Amino acid sequence: MKLIFEKGNKNRGLDLMPECDVPIRQVATGYERKKELNLPHLSETEISRHYTKLAKRTFGVNNGFYPLGSCTMKYNPKINNEMAGLPGFSDVHPLQPIDTVQGCLEVYRLAEKYLTKITGMDAIDFQPAAGAHGEFTGLKLIWAYHQDRNDSRRDKIIVPDSAHGTNPASASMAGFTVINVPSTEDGFVDVKALREVVGDDTAGFMLTNPNTIGLFEEHILEITSIIHEAGGLNYYDGANLNAIMGVARPGDMGFDVVHLNLHKTFSTPHGGGGPGSGPVGCKDILVKYLPSARIIDIDGRLSFEDKNEKSIGRVKDFYGNFLVVVRALTYMMTLGSEGLKDASENAVLNANYMLHKLKDTFEVPFGNGRCMHEFVISLEGLKKEKSVSALDFAKALLDRGMHPPTMYFPLIVHEALMVEPTETETKETLDEAIELFKDLYNKACNDPDAMHNSPTSTPIGRPDEVMAARNPILRYKF
Amino acid sequence: MGTYVPNTKDEQLRMLKEIGLDSMDQLFEAIPKEVKLGSPLDIPKGMSEMEVSSKMKKIAGKNKVYETIFRGCGAYRHYIPAIVKQVTSKEEFMTAYTPYQAEISQGILQSIFEYQTMICELTGMQVSNASVYDGASAAAEAVIMSKERKRKKALVSASVNPMIIETITTYISGTDMELELIPVKDGLTDLESLKNKLDVNTSCVLIQQPNYYGLLEDGDAIGSILADTDIKYIMSCNPISLGVLKTPAEYGADIAVGEGQPLGLGLSFGGPYLGFMATTEKLMRRLPGRIVGETKDSQGRRAYVLTLQAREQHIRREKASSNICSNQALCAMTAAVYLAAMGREGIRQAATLSMSKAHYLAERLCEIDGYDLVYEGEFFNEFVTTVNADVDVVLKALSKHGILGGYPLEGSDRRQLLWCATELNTKEEIDSMIQILNGVSG
Chain L
0 MKLIFEKGNK NRGLDLMPEC DVPIRQVATG YERKKELNLP HLSETEISRH YTKLAKRTFG
60 VNNGFYPLGS CTMKYNPKIN NEMAGLPGFS DVHPLQPIDT VQGCLEVYRL AEKYLTKITG
120 MDAIDFQPAA GAHGEFTGLK LIWAYHQDRN DSRRDKIIVP DSAHGTNPAS ASMAGFTVIN
180 VPSTEDGFVD VKALREVVGD DTAGFMLTNP NTIGLFEEHI LEITSIIHEA GGLNYYDGAN
240 LNAIMGVARP GDMGFDVVHL NLHKTFSTPH GGGGPGSGPV GCKDILVKYL PSARIIDIDG
300 RLSFEDKNEK SIGRVKDFYG NFLVVVRALT YMMTLGSEGL KDASENAVLN ANYMLHKLKD
360 TFEVPFGNGR CMHEFVISLE GLKKEKSVSA LDFAKALLDR GMHPPTMYFP LIVHEALMVE
420 PTETETKETL DEAIELFKDL YNKACNDPDA MHNSPTSTPI GRPDEVMAAR NPILRYKF
Chain X
0 MGTYVPNTKD EQLRMLKEIG LDSMDQLFEA IPKEVKLGSP LDIPKGMSEM EVSSKMKKIA
60 GKNKVYETIF RGCGAYRHYI PAIVKQVTSK EEFMTAYTPY QAEISQGILQ SIFEYQTMIC
120 ELTGMQVSNA SVYDGASAAA EAVIMSKERK RKKALVSASV NPMIIETITT YISGTDMELE
180 LIPVKDGLTD LESLKNKLDV NTSCVLIQQP NYYGLLEDGD AIGSILADTD IKYIMSCNPI
240 SLGVLKTPAE YGADIAVGEG QPLGLGLSFG GPYLGFMATT EKLMRRLPGR IVGETKDSQG
300 RRAYVLTLQA REQHIRREKA SSNICSNQAL CAMTAAVYLA AMGREGIRQA ATLSMSKAHY
360 LAERLCEIDG YDLVYEGEFF NEFVTTVNAD VDVVLKALSK HGILGGYPLE GSDRRQLLWC
420 ATELNTKEEI DSMIQILNGV SG
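In order, the protein sequence lines correspond to chains L and X.
For the record, in the first sequence the residue sitting at position 392 is 391 according to numbering that gives the first Met the number 0, with numbers rising by one throughout.
For the record, in the second sequence the residue sitting at position 233 is 232 according to numbering that gives the first Met the number 0, with numbers rising by one throughout.
It should be emphasised that the hints constitute simulated quantities derived from the structure, not laboratory data.
Keep in mind the model is a prediction, meaning the values are calculated, not measured.
Cβ atoms here follow ideal geometry from the backbone N, Cα and C, with glycine treated the same way.
One or more of the hints may lead you astray.
[Claimed, not checked] If you anchor each label on the Cβ, the simulated ranges turn out as follows: (1) L:R469 - X:E147: 20 to 30 angstroms; (2) X:L12 - L:R469: 29 to 39 angstroms; (3) X:K35 - L:C444: 39 to 49 angstroms; (4) L:R152 - X:R13: 49 to 59 angstroms; (5) L:R300 - X:E147: 42 to 52 angstroms; (6) L:D438 - X:G251: 56 to 66 angstroms; (7) L:H451 - X:A309: 18 to 28 angstroms; (8) X:L12 - L:D150: 47 to 57 angstroms.
[To be verified] Per the computed footprint, the stretches of chain L lying under chain X, defined by three or more beta-carbons under 8 angstroms from a beta-carbon of chain X, are: (9) 69–82; (10) 321–328.
Chain L on its own, in the form it takes in the complex (with noise of 0.2 angstroms):
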């Protein structure tokens, strides 16, 4: 289709400004852009029209079921999104007198009250604005501790090699150096592997419970335990605690400090790629560190506190996504204490559910049988048999309307497929997603070229990315 730069006429557009009632102000001389500014030169039609067409092309929540594995999309309710478009909360001014924004400061109290609760965590800083973010903050804490104690030389922080690849790159973007520690043939971590690698050098090791693979770590205690004896903290990628609410917390784990992604968890909207929010919870130990300033209640009156000089410092203006945090927290007075467990409960359900119907079919390489939230399949079999891969059969699922599971991730599991459905997902949706999965698998048995040609129901075909990464064209030129 068109680019909105390929329609209209030069001299269309909108009236939106009004004349101005004081005297006009030019730019002075030197100061004045030189280059024409090219942009859209469309009536309202035109542009309601160009994004209907776009949103066509777009897949959501709302179009289908979308078992993207590590990512938690479900259905994102509209009461949240009513919530934050109150003007009350959306035509706030950041820098607005204390007295002038005691609602704003309430949504972050009691979001902070829920997450405390949820993760076992004594703090909530809502800064980061997104899971990675969260990450690098979270990482960031655990470098002041250590600075703080004047045990410097702990600069490793340790990852398994089924982590989320955010987690190396904030590691070292944090200022550490990041040692792999791999999985055992169970997927779990290697415990022993584990222990051989920490030392006086370590300064935290970050894990995922239940980890990438959707399993639950059976050694959790002794785990944490191994890091604390060395004198390093516990790191929880709150990417998974779809799966535990209501049920287990990181802070009884012996995590010290979490991220969570209220874009997966707490049903706030992806927006194909953001904003989300990565607010980070912590221990009392690590508290003093955090980037925000603490908000404290006199008398019924909230304001924040000086804050401790030992922060971090900011990881971004102002105070984080607030819009995201008031979905959530929306979310989270839904649903309450029975909801949130009911809600965890159920994704596990959902997820062995399908995991059932599909193990005798698919090669399932861990769990024997059981999952938490997700699971993943592998395509080993298939791809090494008739060179079917794990892209082409989600290309193929693409073609019969459905969003596919996160593909080639972790990478401990070769053509792996990893599906999440979620709770918000029905029996019958799940049971056709079943009847698909095995349907595309005969068909990648009996007619594997058919397999390699898809999609060709959407609206483009398998584009060539390599032709896009050699000859970069990353913008319309007019």
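Starting from the known structure of chain L, arrange chain X on it as the hints suggest.
What follows is chain X alone, placed relative to chain L:
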């Protein structure tokens, strides 16, 4: 209790049975007993949608929404065309994930490609990424981007917004980079001092245009000082101002960054906002974050994909140029719809109106005894004045009339305010505020 779980208790039991289980608890057998919660979460019970709605409205009601705002300082209230919210509220855009599956994500990918083009046009730069978190993290990422094996010192003007300076400091603390501030003279970056601080270790010079005090920096002079050096010139700018002001590219900048919030995003108590980042083709592969590129599909049709991914965390892991994964995609789309609706003329008008109103406001303020411009330089839509009373007294008097006055600058003995005007401020508003201020005295 509200719930979004569709399956009935009956269905749940049937599903459990199929798996060979009797109860939900059995699903969690793999979790060691020692870490299982013994009791329900100590948080309130769930509520119906109606109850939640009423509770949240009460909380929102505790905030004051000012009718009139003369405060900016990093967050600006501009007019947002009606089409912007309608378009960006479409469920497909709201609820999609990062466009990994290009075949069913052409809508998001094309919108980002269009956004990247618009950011390049605004800044005059050649390449833009798909967005980062906000203006402060964009500046920090740019500083990190400038680092080279032998160049690790970032020179940042003290006339940059303090929140940005603090963010950069956090980002590079614990790494081998260091930050040095260039002092300010008469509200502007001190050029002599800048020259003296340049050395073989300097990786970049970062200035803000217009700067924290609203003043226009001599971007050309800094451009000439840095020309023919390997030092990267980073400029953090207000995107609306670029409708009329010289672009970072015209100043010779290597990297342009900024807070994209003025482009159609609400004030929202500080977020979500939008960090934009653009650079030269030469530095393209050092740019952090997602980038969308054009290519062809299997049928030879034009198509868009996430590209240059060899820079990114999911491929390079600890060697990635940044850890960024989720960015602010929907905010980037908001900016694109805003720019499409405004068009070249609309942006020029918004910029000219903002500047004109700010100058009128400054003139009128200076008619009051004790109110004077603190700096003489050229400004866009923000400026600093002295006030004739304690800032709290002044601001409270205005607040009573639904006006959010200028921002009290720290370290000014509570006698300086940083004012801002945009196209939303009418002459009538300005005049009536002057009347109120005439009635306040210290």
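- Does the segment 321–328 of chain L contain three or more residues whose Cβ lies closer than 8 angstroms to a Cβ of chain X? holds (count 5)
- In this structure, is the beta-carbon distance linking L:D438 and X:G251 contained in 56 to 66 angstroms? The hint (56 to 66 angstroms, Cβ to Cβ) holds, given that L:D438 and X:G251 are roughly 60 angstroms apart.
- Task: Mind checking the hinted window 20 to 30 angstroms against the Cβ distance between L:R469 and X:E147?
- Result: Holds, since L:R469 and X:E147 (Cβ atoms, about 25 angstroms apart) stay within the stated range.
- For the range 29 to 39 angstroms, tell me whether the beta carbons of X:L12 and L:R469 fit it or not. violated, 55 angstroms
- Query: Within 49 to 59 angstroms or not, the Cβ separation of L:R152 and X:R13?
  - Reply: holds, 57 angstroms
- Query: X:K35 and L:C444, beta-carbon distance inside 39 to 49 angstroms?
  - Reply: Given a distance of about 42 angstroms, which is inside 39 to 49 angstroms, the answer is holds.
- Is the hinted range of 18 to 28 angstroms satisfied by the C-beta distance from L:H451 to X:A309? 25 angstroms Cβ-Cβ, so the 18 to 28 angstroms window holds.
- Please test the hint of 47 to 57 angstroms on the beta carbon pair from X:L12 and L:D150. holds, 53 angstroms
- Task: Please count how many residues of the segment 69–82 of chain L have a CB within 8 angstroms of a CB from chain X and say whether that reaches 3.
- Result: holds (count 10)
- Using the Cβ atoms, figure out if L:R300 sits within 42 to 52 angstroms of X:E147. For L:R300 and X:E147 the Cβ distance comes to about 50 angstroms; the hint holds.
Hint check: a violation occurs at hint 2 only; the rest are consistent with the structure.
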